[in-house]
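**Student:** The lines below spell out each chain.
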Amino acid sequence: MRIAIIDTSTTRAAIISDGLREAGLDDIVVIDGTLGMVAALEKAAPEVVLINLENPSRDVLEEFFAVSRALARPIAMFVDQSDAESTNAAVDAGVSAYIVDGLAKQRIKPVIDLAIRRFQAFARLQAELHEARSALADRTTVDRAKAILMKRRGIDEPTAYGLLRAQAMRSNRRIAEIADAIITSDVLMGDL
Amino acid sequence: MALDRVRIGFLPLVDAALPIMARERGFAEAEGLEIELVRDMTWATVRDRLLYGHTDAAHMVAPLAIATALGRGRPAVAMAVPFVLGLNGNAITLSLPLAAEVLDGDALGDPVVLGERLKAVAVTRAAVGRRLRFGVVHRYSSHNYMLRYWLAAVGIRPDIDVEIVTTSPTFAADALAAGEVDGICVGEPWNGVAVDRGVGRIALVTAQVWQRGVEKVLAMREATLAERSDVVHRLIRALHAAAAQFVDPDTLEANAAILSRADYLDAPVDAVSRAIGDRVRLVKDAVPIHVPDFMFQYREAANFPWRSQAAWLYSQMVRWDGTPFSAQEADVAQGVFRPDIYRAALAGSDAPLPNASSKLEGAIGADSIGAGSTQGRLILGRDAFFDRRAFDPEDIEGYLAGLP
Chain A
1 MRIAIIDTST
11 TRAAIISDGL
21 REAGLDDIVV
31 IDGTLGMVAA
41 LEKAAPEVVL
51 INLENPSRDV
61 LEEFFAVSRA
71 LARPIAMFVD
81 QSDAESTNAA
91 VDAGVSAYIV
101 DGLAKQRIKP
111 VIDLAIRRFQ
121 AFARLQAELH
131 EARSALADRT
141 TVDRAKAILM
151 KRRGIDEPTA
161 YGLLRAQAMR
171 SNRRIAEIAD
181 AIITSDVLMG
191 DL
Chain B
1 MALDRVRIGF
11 LPLVDAALPI
21 MARERGFAEA
31 EGLEIELVRD
41 MTWATVRDRL
51 LYGHTDAAHM
61 VAPLAIATAL
71 GRGRPAVAMA
81 VPFVLGLNGN
91 AITLSLPLAA
101 EVLDGDALGD
111 PVVLGERLKA
121 VAVTRAAVGR
131 RLRFGVVHRY
141 SSHNYMLRYW
151 LAAVGIRPDI
161 DVEIVTTSPT
171 FAADALAAGE
181 VDGICVGEPW
191 NGVAVDRGVG
201 RIALVTAQVW
211 QRGVEKVLAM
221 REATLAERSD
231 VVHRLIRALH
241 AAAAQFVDPD
251 TLEANAAILS
261 RADYLDAPVD
271 AVSRAIGDRV
281 RLVKDAVPIH
291 VPDFMFQYRE
301 AANFPWRSQA
311 AWLYSQMVRW
321 DGTPFSAQEA
331 DVAQGVFRPD
341 IYRAALAGSD
351 APLPNASSKL
361 EGAIGADSIG
371 AGSTQGRLIL
381 GRDAFFDRRA
391 FDPEDIEGYL
401 AGLP
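As they're listed, the protein sequences go chains A and B. Residue numbers for the first sequence follow our numbering, beginning at 1 and rising by one. Residue numbers for the second sequence follow our numbering, beginning at 1 and rising by one.
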């Protein structure tokens with residue numbers, strides 16, 4: 001069964017296709033970008049198309065399928081609506097599936113389920129990456145706030161950090177937020 | 001008091017203004033609602049989030065709501081449109097090379113004259129094997145139907161003499177710049193953005209094709225309407241109040257600033273402001289011209305969902321999908337528009353409520369006329385199609401037979 005994955009994120013496309021290959025589905029075509037998508041899809045002639053919900057080409061894809069139908073070629077449909085649970089899970093995970101009509105339901109189900117799990121794995125990865133990035137940003141903010149406190153109050157680094165932490169605990173806020181406030185006020189107040 | 005939460009899907013377009021303003025200007029809160037807005041890039045995703053309960057309602061191109069109810073391209077789901085978010089507001093922008101061939105002067109094109117010239121170019125291009133290509137935002141969009149209506153009426157056969165393809169609104173200017181398409185029919189601010197980038201010239205506004213063309217609607221699943229009717233009524237009141245304020249010229253700049261924000265349209269404030277103010281810049285650096293009917297968010301009971309508007313959209317769906325007319329489908333299509341809900345929600349307010357639920361579309365050619373209303377005073381302005389054909393919702397088959 002040939003599966004096409006349309007994704008502008010090559011990382012996500014790789015995660016999905018790896019998962020499908022592990023499950024023994026190795027006839028996979030990855031189509032990226034929005035340019036030339038229709039031609040690539042026509043050439044690949046897949047039985048299942050997996051596309052993420054945010055992809056700007058989804059309307060183009062539906063147009064392509066509608067036209068294919070007019071030309072009496074295989075009919076494509078959204079995930080079988082009779083299985084509302086699995087469709088909901090797909091949409092929740094951010095994946096849309098278009099399936100050539102006539103493909104046995106039991107053959108589609110594992111592909112969709114696998115795709116959902118892979119989409120979720122990617123979402124987790126993104127969340128972790130985001131966390132790591134913001135942790136890094138937080139550290140830079142705290143370092144700058146410490147420098148301001150050290151200079152203005154003539155204290156050393158551990159004392160400056162202690163002040164930040166104490167204020168954060170007192171006001172029930174994150175240290176990075178306190179640090180951010182100090183930087184902002186330093187910019188606004190200057191040497192006052 | 002806890003607010004009832006309503007999630008509304010939208011695409012970054014100026015005519016998503018009413019749900020955004022209802023939230024930002026406190027009209028939702030005044031009705032005990034908290035509107036949460038969910039932005040997407042394609043109409044397919046807006047529709048899917050609505051169908052699978054990610055959202056309760058959506059800013060949607062009117063024909064897509066009808067196509068969904070009729071099961072075009074996917075299994076049918078019962079849909080309801082209790083409120084129209086606006087009329088008109090789209091334009092047809094041509095690539096600069098094509099514009100140079102078919103337009104002169106610094107005014108909007110005349111639909112008939114421009115149509116004749118475009119036809120000559122289209123025939124020549126088709127003969128050398130590279131047909132003119134136009135981009136619309138979705139197969140089931142008013143843009144597609146407006147463009148096709150105009151082309152067909154001037155003697156250009158869509159799908160034969162030219163190609164019509166789909167492109168996401170936010171990428172329409174890119175498609176024009178890359179030469180993928182020779183023209184686009186899209187909503188604001190994306191024509192304005194294409195003009196300001198120097199990749200296109202606005203040739204026509206869709207109000208020149210049909211002076212009162214139904215555009216975006218508030219769409220929801222019929223099941224949502226049934227389960228949360230009180231919340232829907234309050235939402236309609238909030239949107240109606242937002243519309244009244246939205247058209248007040250004093251709010252224009254502030255509204256443009258809100259709409260252009262990164263979490264809403266993420267677009268240049270100047271292009272947004274021009275659209276709201278009915279000012280259209282046709283070509284880069286030109287002085288914007290005033291087009292009185294460009295966008296229609298409130299006057300003439302613009303938010304009232306006329307069943308005849310749904311009927312016209314259905315007639316175009318039959319025409320361009322090439323499916324046979326079906327009286328049963330026509331009933332389903334008209335049943336999507338819910339004037340009864342609009343009336344129930346706004347009864348006792350100062351909103352004019354038409355007596356009728358259907359009217360002849362495009363029949364007011366000269367002066368405005370008074371219309372019967374159970375509440376308030378209702379004046380309807382010129383609503384003609386450019387080719388002077390009127391549409392009688394009682395005789396869709398006869399209308400279709402008379403079209404080119």
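Calculated from the structure, these hints are not laboratory results. Remember, predicted model here, so these are calculated numbers, not experimental data. Don't be surprised by glycine CBs; every beta carbon is placed ideally from N, CA and C. Some hints here could point you the wrong way.
Said to hold, decoys possible - To spell it out: a stretch of chain A is covered by chain B in this simulated footprint if at least three of its residues, at any positions, have a beta carbon under 8 Å from a beta carbon of chain B; those stretches are:
#, region
1, 49 to 57
2, 85 to 91
As the list claims (entries may be wrong) - A short, non-exhaustive set of chain A residues, derived as facing chain B with CB atoms under 10 Å:
#, residue
3, Val60
4, Glu63
5, Phe65
6, Ala66
7, Val67
8, Val100
9, Leu129
10, Glu131
11, Thr159
12, Tyr161
Said to hold, decoys possible - If you want the ones that stay clear, here's a sample from chain A, every Cβ over 12 Å from chain B, calculated:
#, residue
13, Glu62
14, Arg152
15, Gly190
**Student:** Are the hints correct? Go through all of them and say.
**Tutor:** Hint check:
1. 49 to 57: With 5 residues closer than 8 Å to chain B, the region 49 to 57 of chain A meets the three-residue bar; holds.
2. 85 to 91: The restraint on the region 85 to 91 of chain A holds, since 3 of its residues have a Cβ under 8 Å from chain B and three suffice.
3. Val60: 5 Å, holds
4. Glu63: Cβ of Glu63(A) sits 4 Å from chain B, so the hint holds.
5. Phe65: Phe65(A) check passes; min Cβ-Cβ to chain B is 7 Å, inside 10 Å.
6. Ala66: At about 5 Å, which falls below the 10 Å cut-off, the nearest Cβ of chain B leaves the hint on Ala66(A) intact, so it holds.
7. Val67: 9 Å, holds
8. Val100: 14 Å, violated
9. Leu129: 21 Å, violated
10. Glu131: 22 Å, violated
11. Thr159: This hint is violated: Thr159(A) lies away from chain B, its Cβ roughly 39 Å from the closest one there, beyond 10 Å.
12. Tyr161: Result: violated, 34 Å to nearest chain B Cβ.
13. Glu62: 5 Å, violated
14. Arg152: 34 Å, holds
15. Gly190: Given that every Cβ of chain B is farther than 12 Å from that of Gly190(A), nearest at about 29 Å, it holds.
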